[in-house]
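J.: Take a look at the letters that make up each chain.
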Amino acid sequence: MGIEIDLEQCTGCGNCVPVCPFGLLEVVDDKVQLKEGCTLCGACQEACPVDAILIEAAPAVEAASDEHRGVWVFAEQRHGQLKGVAYELLAKGRELANTLQTDLSAVCFGHDVAEISQLVAHGADKVYLVDSPELADNLEDLYTRQFIELIQEHKPEIVIAGATSLGRAFIPRVAAVLKTGLTADCTGLDIDTENRLLRQTRPTFGGNIMATIICQAKRPQMATVRPRVFKKNTPEAGRKGQIIKLDFDRERITSKTRLLDFVRDLTETVKIEEADIIVSGGRGLGKAENFKLLEELASAMGAAVGASRAAVDEGWIPYSHQVGQTGKTVCPKLYIACGISGAVQHLAGMQTSDVIVAINDNPDAPIFEAATYGIVGDLFKVVPMLTEKLKNG
Amino acid sequence: MNVIVCLKQVPGTTDVKVDPQTNTLIRQGIENVINPFDTYALEEGVRLKERHGEGKVTAISMGPPQAEAALREAISLGADEAVLLSDKAFAGADTWATAYTLAQAVNKIGQHDIIICGRQTIDGDTGQVGPELAEMLGIPFVAYVSRIEELADGQMRVQRMVEEGHEVIESPLPAVITVVKEINVPRLPSLRGIARSKSAAVAVWTAPEMGVDESRVGLAGSFTKVIKVFFPQRVSQSEIFQGELASQVDCLVGRLKDADLT
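From first to last, the protein sequence lines stand for chains A and B.
This note's numbering puts the first sequence at residues 338 to 730.
This note's numbering puts the second sequence at residues 39 to 300.
Keep in mind that a hint or two might mislead.
To be verified - Below, in silico cross-link-like pairs of lysine to any residue (SDA-like), each with a Cα-Cα straight-line distance of 20 Å or less:
hint, chain 1, residue 1, chain 2, residue 2
1, A, Lys726, B, Thr300
2, A, Lys368, A, Asp388
3, A, Lys670, B, Gly192
4, B, Lys126, A, Gly379
5, A, Lys593, B, Val291
Calculated directly from the structure, the hints in this document are not laboratory data.
Produce the complete structure using the sequences and hints provided.
T.: Here it is in structure tokens:
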């Protein structure tokens, strides 16, 4: 197992050197040398014109079992309301299920969840609903056990869930127990039809590199997807589907952890993950009070207020507003970046927005390259003008 | 209070830029650092020990030999002991194989009250190793912890961040938590710490020494496989308005109205 460079073949051309995501290759005396730390990602192998880089594959993997069929979407709810990401995943799940010519199922845990039939309208053929007062709060211990049992019983071939704070915390536990592969934060999912493999594409390294990942030998193939990455379908009223209500076995499934309290963040009037328009501020705002300007613009547009890490680190606005690699990923119809330079870490969180507007006084700020429209100018002049203009219709 | 902190050495990304000509990462001057989120995990571990006045903080990391530098830095920041899990067999591990390897190390270390990890790394970005580790050890897990309110007598009460605010969770110990940066402000290394980091021993455990099942570590133990790596195409099609600011704003509003975005 590992990587070998055939020095006989190597011409020292150096094609492989810049493609290594980890900078581990260098040409010494006309031959390539590899430093420690290789993750066997294979980027160099593709770049080598003379096939001198050999990566020994893992020992022949057992073929995935054929008994697993169907695509499952975890339909997350909070306080009885289904989250938008559930519908987004159903849209993608429908596409995958159609390609595989199999069923799409939604799985929902909760209590008195509103509008369950919407899951069918959005594409589910079946809905597995476990309804119990115990499941009203998103208790991860219970969710983990319950989901493992359902998957073991019904054997889906693909399971996708939202990369929300809940999904990112409990889905890895499910995968750990099922001993199967899990890919985080996918932005692209499609099927290799020849062998029914789910190709999972995700950004890594702050969005600088994209990696496509498969899980060959284990089932289900599992992935999480950030909210707002895929688009919802228009619901189809009268679409036929089966809602299967399952009992929750409170004797058998228990929780070690206990939820004592939930405290809502009151500064966030419009949730940025769900917003159609986001007005976001960065270091250029200079101080906390200046976020008022953005709030005025946001309220004129019915928008949510976001922020770059710089603004959050300065303490101008709470972390729940942070957009970017270590904050939230958003994909609104319109993202207005004010005084944000556009570091890759920020771009990673918003670059898939439909329309991006950049307002910055530095014409060389990288945000202008990501922008659909740009105004080079003082945000303290531009933003109030924009607010005024939009208010007066 | 015995704390285990899991950390990873990653390339520091503050200066990462993409060369527009070759569309590749410019890596000059990028040094390896402790994954920034793991520094909060370490700080919280050291604070817990200090608050309880006894016990030790053990930092563990899986990685190539040069990851020893990250562990020495951890010692300078207050870790009492450090263990590097390093073996060619560990290379190419996905999150499952990484969590399995860490779980074996935790079992070998023995007695512990809490295991602390950062919320995610800045290179892989998955955030999966912490929860997978907890499950493999069969102990409770709480993600995105922003405050440890109380930790005593085999119980902890913590605050953890969720999209809409925060939750207060109670859990028995030992447990695994992942922490967010709101939890603390990591200290700088002390002079004594720096001195100790130079002389302290960093244990290196290989696969045979850990007695791991070699089919479960590294690339062999990974269920996921990277089949393609590529650089996202960033084609700039920006329209930068010109002229008086007022007319630029007019242009923008016009474009937004046309697209039905106002």
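J.: All the hints need checking, so say for each whether the structure fits it.
T.: Comparing the hints with the structure gives:
no.	hint	result
1	A:Lys726 with B:Thr300	holds, 11 Å
2	A:Lys368 with A:Asp388	holds, 14 Å
3	A:Lys670 with B:Gly192	violated, 48 Å
4	B:Lys126 with A:Gly379	holds, 17 Å
5	A:Lys593 with B:Val291	violated, 54 Å
The structure is inconsistent with the numbered hints 3 and 5, although it conforms to all the rest.
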